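Engineer: These are the residues of each chain, in order.
There are 2 protein chains.
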Amino acid sequence: MFREDMIKTALGRQDAELVIKNARILNVFTGEILPGDIAVTGGMIAGVGDYSNAACVEDAGGQFAVPGLINTHCHVESSMMTPEIYCREELRWGVTTVITDPHEAANVAGVDGIRFMRESAQGAPIDYFIQIPSCVPSTAFEHNGASIDAEDIWGLIGDRAVSGVGEMMNYPGVLDCNKAVLSVLDAAGEKTIDGHAPALSGKELQAYSAAGIRTDHESTTFNEALEKLRAGIAVLVREGSAAKDVQAVISGVVEHGVCTDMMAFCTDDKHIADIRREGTVRHCIRLSIALGLAPIAAYRMATINAARIYGLKNLGAVAPGYQADFILLSDLEDVAVSQVYKRGVRVFPGEYAGRTSANYKMFPNSVNIAPINETSFALPHREDGRQPVINIAKNRIVTEKSFIRSELARDMLASGQLCKVAVVERHRATGNIGVGLLAGYGLKNGAIASTVSHDSHNIIVAGTSDSDMLFAVREIERMRGGYALVRDGVTLGELPLPLFGLMCDRDPDEFIKALDELIKKCHKEGVNSGIDPFIALSFMALPVIPEIRVTDMGVFDAVKFEFI
Amino acid sequence: MFREDMIKTALGRQDAELVIKNARILNVFTGEILPGDIAVTGGMIAGVGDYSNAACVEDAGGQFAVPGLINTHCHVESSMMTPEIYCREELRWGVTTVITDPHEAANVAGVDGIRFMRESAQGAPIDYFIQIPSCVPSTAFEHNGASIDAEDIWGLIGDRAVSGVGEMMNYPGVLDCNKAVLSVLDAAGEKTIDGHAPALSGKELQAYSAAGIRTDHESTTFNEALEKLRAGIAVLVREGSAAKDVQAVISGVVEHGVCTDMMAFCTDDKHIADIRREGTVRHCIRLSIALGLAPIAAYRMATINAARIYGLKNLGAVAPGYQADFILLSDLEDVAVSQVYKRGVRVFPGEYAGRTSANYKMFPNSVNIAPINETSFALPHREDGRQPVINIAKNRIVTEKSFIRSELARDMLASGQLCKVAVVERHRATGNIGVGLLAGYGLKNGAIASTVSHDSHNIIVAGTSDSDMLFAVREIERMRGGYALVRDGVTLGELPLPLFGLMCDRDPDEFIKALDELIKKCHKEGVNSGIDPFIALSFMALPVIPEIRVTDMGVFDAVKFEFI
Chain A
1 MFREDMIKTA LGRQDAELVI KNARILNVFT GEILPGDIAV TGGMIAGVGD YSNAACVEDA
61 GGQFAVPGLI NTHCHVESSM MTPEIYCREE LRWGVTTVIT DPHEAANVAG VDGIRFMRES
121 AQGAPIDYFI QIPSCVPSTA FEHNGASIDA EDIWGLIGDR AVSGVGEMMN YPGVLDCNKA
181 VLSVLDAAGE KTIDGHAPAL SGKELQAYSA AGIRTDHEST TFNEALEKLR AGIAVLVREG
241 SAAKDVQAVI SGVVEHGVCT DMMAFCTDDK HIADIRREGT VRHCIRLSIA LGLAPIAAYR
301 MATINAARIY GLKNLGAVAP GYQADFILLS DLEDVAVSQV YKRGVRVFPG EYAGRTSANY
361 KMFPNSVNIA PINETSFALP HREDGRQPVI NIAKNRIVTE KSFIRSELAR DMLASGQLCK
421 VAVVERHRAT GNIGVGLLAG YGLKNGAIAS TVSHDSHNII VAGTSDSDML FAVREIERMR
481 GGYALVRDGV TLGELPLPLF GLMCDRDPDE FIKALDELIK KCHKEGVNSG IDPFIALSFM
541 ALPVIPEIRV TDMGVFDAVK FEFI
Chain B
1 MFREDMIKTA LGRQDAELVI KNARILNVFT GEILPGDIAV TGGMIAGVGD YSNAACVEDA
61 GGQFAVPGLI NTHCHVESSM MTPEIYCREE LRWGVTTVIT DPHEAANVAG VDGIRFMRES
121 AQGAPIDYFI QIPSCVPSTA FEHNGASIDA EDIWGLIGDR AVSGVGEMMN YPGVLDCNKA
181 VLSVLDAAGE KTIDGHAPAL SGKELQAYSA AGIRTDHEST TFNEALEKLR AGIAVLVREG
241 SAAKDVQAVI SGVVEHGVCT DMMAFCTDDK HIADIRREGT VRHCIRLSIA LGLAPIAAYR
301 MATINAARIY GLKNLGAVAP GYQADFILLS DLEDVAVSQV YKRGVRVFPG EYAGRTSANY
361 KMFPNSVNIA PINETSFALP HREDGRQPVI NIAKNRIVTE KSFIRSELAR DMLASGQLCK
421 VAVVERHRAT GNIGVGLLAG YGLKNGAIAS TVSHDSHNII VAGTSDSDML FAVREIERMR
481 GGYALVRDGV TLGELPLPLF GLMCDRDPDE FIKALDELIK KCHKEGVNSG IDPFIALSFM
541 ALPVIPEIRV TDMGVFDAVK FEFI
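Here the protein sequences come in this chain order: A and B.
So in this note's numbering, the last one in the first sequence is 564, and the numbering has no gaps at all.
So in this note's numbering, the last one in the second sequence is 564, and the numbering has no gaps at all.
Source of the hints: derived by calculation from the structure; they are not laboratory data.
Treat each hint with caution, since some may be false.
Since copy identity is lost for identical chains, a pair holds within one copy or between any two.
Unchecked claim - Straight-line distance between alpha carbons at most 35 Å, and here's what the computed DSBU-like set of lysine-lysine pairs gives: (1) Lys513 x Lys313; (2) Lys179 x Lys191; (3) Lys444 x Lys313; (4) Lys313 x Lys191; (5) Lys179 x Lys313.
Keep in mind it's a predicted model, so treat the numbers as computed, not measured.
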């Protein structure tokens, strides 16, 4: 029946379900823009040319029609929105296919978390492919909520919604031929393995590619991207909330005229506020064209290239036999999205009729803390009488290590010149707490706590008094995860993130406003300008970035890779 | 073990099995040519860069290294050589991957024929992918040896050596939504369906593409190719022994600067003599470059594009993680092949150590004829006293229809001004014989017979006397298929083709010489110059090409699609 409908509709012997008249269609195969109509049946494009007979005829009025965009690598969790809301935002900006690595959800809830992230996007009219997280937990220097091993991947890889194995951050493990790491790669079978190899070069890069890793989204310079392309690794050019690589990479591409066939776009981590303002891949295309990349090349990166890199059949083109995912643009260079069609249904503007979203409240509470009290936040006794200090810098995620005499620390804490920072294990109620000192944060009074702390997402809390730190953690526990600002036993602000302690399902505009207000309150309590109080904290527990961090196991030297 | 070897070799921590030093390597991803070494282990490329330590180090002396070429569509049977010999010839000219449609073997021997063609190439160090013939028999107007239906395809499609379903010649069946035809397309599953749609255009082309057909090799003009590309159909530019499309298509590509991403090369039908002289894909590249196509684009068509079109992973590039299929060229534009490596083993120059080839003599005799005698070749009685005549033209496969009075025909046959032509069913001994008249062939005396006659490959015999026609058929029967030239009960020449009546396993040079001599003898017996006595005959039984043909069921009007 399916092929019959397609053939009859293409021949004009049967009415299409939808015809878009009078479009200027971007053809990714020939690199042309040609006038024509698009005839759709059963969610697929049956014909491109001269079509009129349809249940629904819409006039594009000479607008451009381009294939639906593909975001090749994103962590939905970083938007802080549930998958369904995230997908709605992507759709509104023309992304009809999302390839996501639910790395954060997996760190909290393992395979159940991955399944939940997969299921809860099913309510949105989008193609939502999962790259199974390969590095959960990320390190052995912290405790997270769950682990994913090769056997877990075997159990998931056959799923049609699974496009491969997610970013292999453990490149030292690959290069050392660590057996567990290689087993994870083996489990990908024929599907695509994503890389994550910032600045990897030379023979090490060759080895990483030889291991079967086929993409990377960490190139921050053109030369890095070029070397990866040469090594057969597809370059996913990233433009997220923090990491912004389009300018550096695309400028070089334009200057050197390098072939863009093996390049696509991604966001990695992008916050809902930024997505809502400028979109994701749409923003990448716009920036690239502004940098001098030929529009056709930019759109091909965003569509057919991405589909080929991930082996996604029938996606990425406006042509017969392809899924009817396309967008209408009033301006090609500005990527001015006026209408978005997914499987032949207009999903923007207007409300789409999706399934009811998953009931997030049904998902088990992810915040499980062992009994704690004020003394839990005492600094550890140090034989030499010196305490290590984590010094944070403005607008950078690297930190600097220093030491301070214990007595001086006590005085500076009392005067608000220094904070304590603690990581409270919150997944399996182990009772683990790591406590250290934090300089450069600025909080003068009270405590700030969060369940968003990469990559294990334990509770991280910074404060000037042990009682407020305890109270902030209790508030987080009550909310089942989120952000909290407290002072003297009073909650000054809160933002619940009940899904894994990472996401919520509030209206995005309302959420963005609430977050803005909470951040303002934090700054009012002293958090230094130039520092996002929550994002800065979220990186303090990430033990793979120099120089010094704190995990639930204690203060960690991220250069020597040892606890202090 | 496999990934471990790759990684350690790439890192230089373990000796490679082979290092090619000092090459200028064509990078299909970036479009660059870069100096470097290639390190190989386990038949795969582990690294490209600076490598020296290996069990075997060879110096390329600054020659170009390009990926092994891919012939995207060929009928091995048309070479007249067994698959193993055919593959050896392909390898010698740099083709390391062959995608073949064993359409002729299937017409003779069905699924067994396909299996045999698959198996008998296993002795050659080549990747040999099968597209399962979709149109066997080709028409309902003749009897062939076997049929292939959707169920047969289901039984074969899962095989790793099967890349898809072969050329869907029955485009009227597709457009009419014929159930059996659509079932054949369904059976392809996710694998690639080849098209065959000469001059199909407009909505009909859209419908053909919408049906899921993803390639076509029948474009004889640039505009035809362009329309197919626009419709999302990959264009396999063909240069065979008879059909030569490179000049027309590539000239247009160069003139209009069309993107070549969805284009590759193929030969369709190419005779061993032509392959031996100039190669296959190598010849396509050379011609294309001479026509002005950028060398990089030509090589990409011949390598990575082909691999992508057919979803062949790890083929088509000289990069880590790709199969070590590459060729060294002393000249890039002339495609001067000096060495060929397949899975890291040099297969040219030198003899490769393959498995012993299949024992062709074990395959059942494919020539099975019902009892016949001289009277079998009598012209059918016609009520109106007029006999239809097939008029053949020089260098063209179309024919013209005329009529002649039966008495005049008798006289012209006696004087050698006209021949009889007969098709003797030879697969299932049905006793079917179709007899007609042939003008323009030129044979003055005796008979010429052949088991190569598209697409059903019955015995076709042309002659001036019924007794010689009978004798020629008997000679064919004795040889188990092949070519025969007889006169007055004496065999003047013969060329046995015992494998399906289509191929043999003789030494190619010896075979080419024997064939040349046989053709000369035929011309000596009167066959007109400008006509290949056997190739011309081989098309006389093809009922899909205008205007008039003869099958085992009688003389056929190929315009009205009815027997005369």
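Engineer: With identical chains treated as interchangeable, where does the CA-CA distance between Lys179 and Lys313 reach 35 Å or less: within a copy, between copies, both, or neither?
Structural biologist: both (33 Å within a copy, 24 Å between copies)
Engineer: What label fits Lys313 with Lys191 when the C-alpha limit is 35 Å: within, between, both, or neither?
Structural biologist: both (13 Å within a copy, 10 Å between copies)
Engineer: With identical chains treated as interchangeable, where does the CA-CA distance between Lys444 and Lys313 reach 35 Å or less: within a copy, between copies, both, or neither?
Structural biologist: neither (56 Å within a copy, 58 Å between copies)
Engineer: Tell me, please, which holds for Lys179 and Lys191 at an alpha-carbon limit of 35 Å: within, between, both or neither?
Structural biologist: both (20 Å within a copy, 34 Å between copies)
Engineer: Between the shortest in-copy and the shortest cross-copy C-alpha distance, which are at most 35 Å for Lys513 and Lys313: within, between, both, or neither?
Structural biologist: neither (40 Å within a copy, 48 Å between copies)
When the structure is compared with the earlier hints, violations turn up for hints 1, 3 and for no others.
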